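Trainee: One letter stands for each residue in the lines below.
There are 2 protein chains.
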Amino acid sequence: MSNFFIKGNKTVTVLPTNGRAKFFAFGIPNYTNLGDQAVSLASRKYIEKEFPEYEYIEILEENNDEGIEAVKKIITSQDIVSFVGGGNMGSLYTDHESARRKVFSTFINNLTISFPQSINFEDNPQGQKELKLSQEAYNKNPHLYLVARDAQSYHRMQTTFKSHVLFTPDMVLYLNPRDFHFERSGALFALRRDGEKVIKDELVEELKDLLDNGQRPIKQTDTVLDDVDRVTPLTREKLFDQELELFAHQEMIITDRWHAMVFSVLTGTPCLLFGNSYGKGKHAYFDWLEHINWIDYTDESDPERLKEAIHRLMNSKTHDFDLHPDFEQLHRVIARHSNIIK
Amino acid sequence: MSNFFIKGNKTVTVLPTNGRAKFFAFGIPNYTNLGDQAVSLASRKYIEKEFPEYEYIEILEENNDEGIEAVKKIITSQDIVSFVGGGNMGSLYTDHESARRKVFSTFINNLTISFPQSINFEDNPQGQKELKLSQEAYNKNPHLYLVARDAQSYHRMQTTFKSHVLFTPDMVLYLNPRDFHFERSGALFALRRDGEKVIKDELVEELKDLLDNGQRPIKQTDTVLDDVDRVTPLTREKLFDQELELFAHQEMIITDRWHAMVFSVLTGTPCLLFGNSYGKGKHAYFDWLEHINWIDYTDESDPERLKEAIHRLMNSKTHDFDLHPDFEQLHRVIARHSNIIK
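These protein sequences, in sequence, are chains A and B.
Numbering of the first sequence is given in my numbering, commencing with residue 1 and proceeding in unit increments.
Numbering of the second sequence is given in my numbering, commencing with residue 1 and proceeding in unit increments.
Any copy will do: because identical chains look the same in the list, a pair fits if it lies in one copy or spans two.
Computed list of lysine-lysine pairs in DSS-like fashion (alpha-carbon distance at most 30 Å, straight line):
#	residue 1	residue 2
1	K307	K200
2	K307	K197
3	K197	K129
4	K317	K129
5	K132	K317
Derived from the structure by calculation, the hints contain no laboratory data.
Keep in mind that this is a model prediction, so the values were computed, not measured.
Looking at chain A on its own, in the form it has when it is part of the complex (with noise of 0.2 Å):
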């Protein structure tokens, strides 16, 4: 039994053949990475909002294989097929990688979309294999377009592939800013537990040190949940939605991991952002963000200045920003796609 398709709400067991264009959305992820879910939620939303002649079919990445087969039978030229953005297009990170892989190399006559990405091959022998077997796999259709969502990558993907390369900011900064008005209160740190990690454990002991005035609540968690086993489609608004709201109590949020800057523009957080070992966030910063007051960047390890920025940012005013037009150039390509089948 197939049982692996969500449209809407819904989980479905028999794909709709009933003659409406359809937007593939493949690499959905069922992992608790809130970043992660946030991008799968915004992709749908970007789609049901600026295509909604489209009939959005998300498909888990559990079930790639599956979900591949039973899309091969019912696919036709007007229907769009699509690969989660993120930040794990590279060698890091190789069960995503093969999924997508099997994705590019398998609807070779359609529009194909790599919603905005991060990518990164490691140096190594191991990295320059798996380089290999995507540049194989991507190049074999001539209708990829890959996304890029910080021009390092935007560089990286042109350099790397014959692919068509776009550059858009990341998925999540589609979606409206809220203001909650809530009291704030406290400083939350939102820290990798991973691979990518950088920053260094007593530093963060310091600058816990430093937002502790006796009275302010300071907590320490990451954007990945450790208290729900899975989430999904059907999951994911609700708890991003609870996120949100976390963020949004806040007086100050630090951190090494992107959507979480990303949770504080969107809720206006201030919000400092540290490096992690191969520079997305910094990148999708300086490229989209440097004009939003509210948050920073930084490489320092001074808790002198540390403490500045630090005062700085909470010091700041929140602002209106408009990140929309920035997605233009994926709207022109599926915009396109669209009139030619009409």
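Chain A is fixed; fit chain B onto it per the hints.
Mentor: Leaving out everything else, chain B in the frame of chain A:
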């Protein structure tokens, strides 16, 4: 007598009407900023190499009005119009901006390329007045493609104008690197003397002391020449080559000029770039050049930290790099036009 077209290495008085498709390059500088001269040189080399089917005709910005009138008389739908790239779109250089507006708002039926630029409209009444004038002019042209040379400008262009916006490096980065095999001796300070300057004189003096080992000649210059009055397409290449040779003799370049960093990239010369008033060099560095070992960008003012950075750069090894694939978005637009017309 019209005497303001440059075709190849000749000034021509009458535009050729030979049936060949033409590429009209407006906004060509006659002033002595070698960065801007290099941009116009590189743009010509780009079109001549990638699209040799076009006859490339340059029009000096000083002849903008007469040039527009003459081109209007002979232009056909196969022809392409362009305006030179650089770092002067916005309200800081109103002469250039006003020449650009005229070109964009005149040839509204032709594919129009604004070569890679940085953009900066100041957030004050004069800046916002200039902005409105530019919006009015640019938005008249539905075939206008603005090319941004850094992500900050890409965002600003997309949120400011209705035009298509592409993303590529500065045109000078299209030129091939050169290895002169010179013996290197000396440090060159290539510093602005204009309104974009932010680096402090005292810091410059400290850096000179730091680099002065008693044997190493320390010179200060600017990439804007003051020993000639005028540079044109007939004289620019020789001066550009001489500038690259000057750079290729140095052990170290200290600069706040983006194009001095580009000349350092092309000649494999260690270079530390400081900021200008609105971040155009910083952004272009992080977007395209962070992976190049022998150059770096800094906002630092602590001499001890700068000493470390300079030491690291002077001991770095050169390596291959390739930015040609990063011009792909521009290539596709011109190639598509060229194919439609054929």
